[in-house]
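**Student:** Bring the two chains, given one by one in their own frames, into a single complex with the hints.
Protein chains in written order, with the numbering used here: chain A, 1 to 448; chain B, 1 to 253.
Bear in mind the hints are in silico, worked out from the structure with no lab data behind them. Every residue, glycine too, gets a C-beta built ideally from N, C-alpha and C. Please note: incorrect hints may appear among the correct ones.
Straight line, CA to CA, 25 Å or less: simulated DMTMM-like cross-link-like pairs of lysine to aspartate or glutamate [what the hints assert, rightly or not]:
| no. | chain 1 | residue 1 | chain 2 | residue 2 |
| --- | --- | --- | --- | --- |
| 1 | B | K227 | B | D147 |
| 2 | A | K368 | B | E66 |
| 3 | A | K86 | B | E42 |
| 4 | B | K227 | A | E68 |
| 5 | A | K86 | B | D218 |
| 6 | A | K331 | B | D218 |
Over 12 Å on every C-beta distance to chain B, these chain A residues come out as not near it, computed from the model [stated by the list, open to error]:
| no. | residue |
| --- | --- |
| 7 | L80 |
| 8 | E311 |
| 9 | L320 |
| 10 | K331 |
| 11 | V383 |
| 12 | K403 |
| 13 | R448 |
Here is how the chains run, residue by residue.
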Amino acid sequence: MTATSNDPYAATETETTQGRVFTVTGQDWDSVVSGIAEEHDDKVVVNMGPQHPSTHGVLRLILELEGETVTEARCGIGYLHTGIEKNMEYRSWVQGVTFCTRMDYLSPFYNEATYVLGVERLLDIEDQIPEKAQVMRVMLMELNRISSHLVAIATGGMEIGALTVMTIGFRERELVLDLFELITGLRMNHAFIRPGGVAQDMPAGALDEIRDFVALMKKRLPEYADLCNANPIFKARLVDVGHLDLAGCLALGLTGPVLRSTGYPWDLRKSQPYSGYEDYDFEVCTWDTPDAYGRFRIRLAEMWESLKIVEQCVERLAGLEGAPVMIGDKKIAWPSQLAIGSDGMGNSLDHIRHIMGESMEALIHHFKLVTEGFRVPAGQAYVPVESPRGELGAHVVSDGGTKPYRAHFRDPSFTNLQATSVMSEGGMIADVIVAIASIDPVMGGVDR
Amino acid sequence: MTDEPGKGPDKTQLEQREGGTQDPSLDVVAAGGAQTREVIGERQGMFGAHDSGDTSGYGGLRRPVELPGASTPPYGGWMDDVAGAIATATRDQGIEAAVEKVIVHRGEITFFIRREHLLAVAKLLRDDEALRFELLSGVSGVHYPGDTGRELHAVYHLLSMTHNRRIRLEVTAPDGDPHIPSVCATYPTADWHERETFDFFGIIFDGHPALTRIEMPDDWPGHPQRKDYPLGGIPVEYKGGTIPPPDQRRSYN
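Extracted from the complex, chain B is given alone in its bound form (with noise of 0.2 Å):
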């Protein structure tokens, strides 16, 4: 750890905020340009099974599975601030390309920042006096098997106290090669955010001062969370009948 942990928020700009009760949601729900999907799969059927004969006529249903994708500027209210010193902060470091590309959803927004610039982007988030975001709030990972070439997702949801504002940042990295740098050294809380994401997905978080498992025990074997983690099913006694794990189950998908 070896920066200065991030400054404290200004009392007297809390103070002065009126009455504090900024809501981040309230005047950007019908702001926000175009936004487009993003197909990361498919869902077949209705109830998940493949190899049973579906009797349902659902069998042949095919629909895609699709997220939010990219917004277009302007994304409303105090997000374009955030954007707009995002956007300066980098170039005056030469960083442009750090911003893949930026989702606003549900009036909050995702930043997705590319991965050898994270720690350069984290750094600024701090220090910028423009952004202030104090206090990252965690880690959390998310694995898309189907996001091809970018399995691997953490998300970082960052607090601006100074400002009162939240963002979340997403870093992407392939399962067949799943390093992200850490961004400890910045905000030393992500300590244990990024061992449990570790331990959870196996993102390996490069410059972590220990990155061992935390959650499960040291010996365990694979990642649980992940979606390809094999589940265990139930043996019952009945003539080797065997209930499937709950992902091999007729279930509503």
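Extracted from the complex, chain A is given alone in its bound form (with noise of 0.2 Å):
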């Protein structure tokens, strides 16, 4: 050992058959160079993560280093594999709701969105879904977008050392949150999206609320634009790294920013609309260099293009007040229970007072949706969704029962990680950081 060897917090080199590993703690950096220096080899292997604070996660990089010249970059994942999908197995179609909507943490309602999506399919009651839940779920998958980018762009930031771009784009996300938290009482894993419709109907006073964070956001906004777009230190970091052409995506399976970064304007809103997006005007945001700061600009101009979305919903909403957010058939229309009462979120009596008092019938439907839920007809469904991190899709599949017989989700994180390699390879190691954060993997989805 060297010098530093009374320091309990340096490193530790072990023999193996593999050759020497060295355990880093920080600021140990002169006892691995004295120690490699003896074997006149430049070539060495890191493993990073995956607790590590640059890896965007949960994130294990096996990096094969000559100098500072990556040589080979592989991904270790499954770090947090929770088996969601097995679990929903074991649930109603309705339960299975609380389970997705955990998988990639950033963008919850979309993880709800696609498997609602997937099993109103199967229900063959696509066409049932009432109006305003479908503008509910447009609204709120806009502002998640806009939540999602903004942890995107400030996570990305704080990796390479732009500490205001986080506190600025953490302190937007809570203003989103704080909408979710009104609307669906949860600032996370809200389960809010159900199929048949949504939850809940917006609270009283939540659509001024939401002008008003439209309206702030359009002053925070250029914020960022002033920042970062002709920042030279963060221009030098991002540009022409992380670089993924056309051909590249598509064999990869990447989408989303990464393959809207190439110019190919691909976005599902567009191409394939689902919940009316086809009655939103919004545009499809491309840029002209495959890189890191073209995914950059993209999720800027996307958060505009949110915005607009979210302005257009919430006229429409306005003028849909009092109407319901869940499907008329009683058979699969999840009994509203809850309410704001004086000591916060509980039973709503006026649905207890109707199932008790007032209807046998509503009672025995709010039993038999509750214990055994309602059962999908068999086969299976595919219905990808337009997440801020690419295509999401849900895989259902049903077997007739009252529990999903498999639901696997495409996530775009665990698909567009594969890309990792090919950006990093031949560059620098401080450029694998920028190259991860702008595929901008969340662990939560990666490993499910």
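**Tutor:** Have a look at this one:
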């Protein structure tokens, strides 16, 4: 050991059959350097993560380096695997929403939406979903796109040392989460989009809050552009880093901002609209350099488009006051149970009065839906949505029972992360971080 | 990965398409020929419990578990174009037997491909002018223990950006011989998806560059998303009682 051996946090070294292995704990680079100096070999394999602040989550990177150049980059994933898909096979179709919302935790509404759209297709009720539920879904998804892109930009900034980008990104994201809390009762993991509609109507005053938020965002979003767009340090780190052209994207299955940064305007909201996206006026954002900078600019531009959609949703919702948010079919519609009381969210007293005092049928429906749930006709469906990271789709399989026979999620983070090697091999080690941040993987979605 | 990656979709074609809003599900809902049902099992009782005395009176209930079976053409809309193009291309290559059956259900089309012909079909789906399925969305496994002789299904979702169409391929393998060729050479994106399907279902994708576990730890025994994978119960500290595993609990089935 070296002179720092009395330091309990110093690098330790062990001999293995595959060479000498150093466990690095920070501020101990000297002992590593002096350790390898004896080997007369510049090739080092660095195991980065899974607990590393710059790997964008619990992602493990296995990097083979020559000096500071990355010759091979591989990902190790699975550290956040929780078996959500398997768990869903033992819950009712409605409870499935509660599980899948936790996968890609930065875009919960998209997880819910793609699953619910698949279930609705199997139930053959796609055209019976009330208009207000559709509009609320679109609005929540677009607000969610803003909050997700804010985190992408914020953490991407933090990882290259642009801390102000991080603080302002999380500042605005907090406002979106406040809106989610107001509308769904929860800041994350909402389980709000349900087969047949959404769980609750809009609370009083929510539309005004959203209008205020949109107005505020229109003042705040230019700050990001002022801070970053022409910032020479920011551009020096991002431009030409993580290059991947159109053929590469399609071969590796990349979608979302990475695909659009090649200039190809592919967006499922336009090309295969769902939830009534064809009724909204918005543009598909593209960029002409397929690099980290292009993807940053696309995310920035997409937040403006999302604000546009949110404004149109608010306008439509203002004219839909009191309209139903759940399908009329009593065999599917989850009974509204919750209401805001003087002591917070709790059982809806009106609903309890209705089922206990007024309607035996309502009581039966409530009981059967909550204990047994509904049966979904056998078959399989795949209805992908354009999540902030690309094509997110749920392959939903039913055998005609009360539980999903199989639910598999094609998560864009999982697929896009495969591009790590192509994007970072041959570049500098510092650029690996930027390339991965430009993919914006969310490990909860990767590992499920 | 010996093949060239799929050519990108033609941008001018994308622009020419009317507003790019063709919804694949719109014009085919009512179309399509007669559909058969395929029985793969039987549901007993109401609550899944077989051993305990079921006093509900539902114990004798027997219901078949049936999946949508093969459809007969015409399938409706663009689906006939795709099916026709596949039929022509497979005939040209002398592999007419590649497509086992076609299922159209809820506006989605599924081609069952015999596993020995999967690679040839994948390649022509990607490269044929009339097909051009450039993007493989993913590979997903499904385990049907009751579907004797073809228990393991690998499901591929393909997207043609040029024509704005989606199709699904389904390839089956028996539990005793869980081999399916890997489509990695044609669709490099299948790499991780096939590893995941191997990890969870034990389907061995022959020809995959490095078929190792991806989500579970390397030394994990078994394949957790198979239906016969043993689930754990929960020990409770009351006279040695346990809470049974989820698949043995009494619950609606």
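**Student:** Give a verdict on every hint.
**Tutor:** Hint check results:
1. B:K227 x B:D147: 12 Å, holds
2. A:K368 x B:E66: This hinted pair holds, its Cα atoms lying about 23 Å apart.
3. A:K86 x B:E42: 22 Å, holds
4. B:K227 x A:E68: It is violated: about 47 Å lies between the C-alpha atoms, which goes past 25 Å.
5. A:K86 x B:D218: Roughly 19 Å separates the two Cα atoms, so the pair holds.
6. A:K331 x B:D218: The given pair, whose Cα atoms are some 45 Å apart, is violated under the 25 Å limit.
7. L80: 9 Å, violated
8. E311: With a cut-off of 12 Å, A:E311 remains clear of chain B, as the shortest Cβ separation is near 22 Å.
9. L320: 23 Å, holds
10. K331: It holds; A:K331 is separated from chain B by about 14 Å at its closest Cβ, greater than 12 Å.
11. V383: 9 Å, violated
12. K403: The claim is violated: A:K403 sits with its nearest Cβ about 8 Å from chain B, within 12 Å.
13. R448: 8 Å, violated
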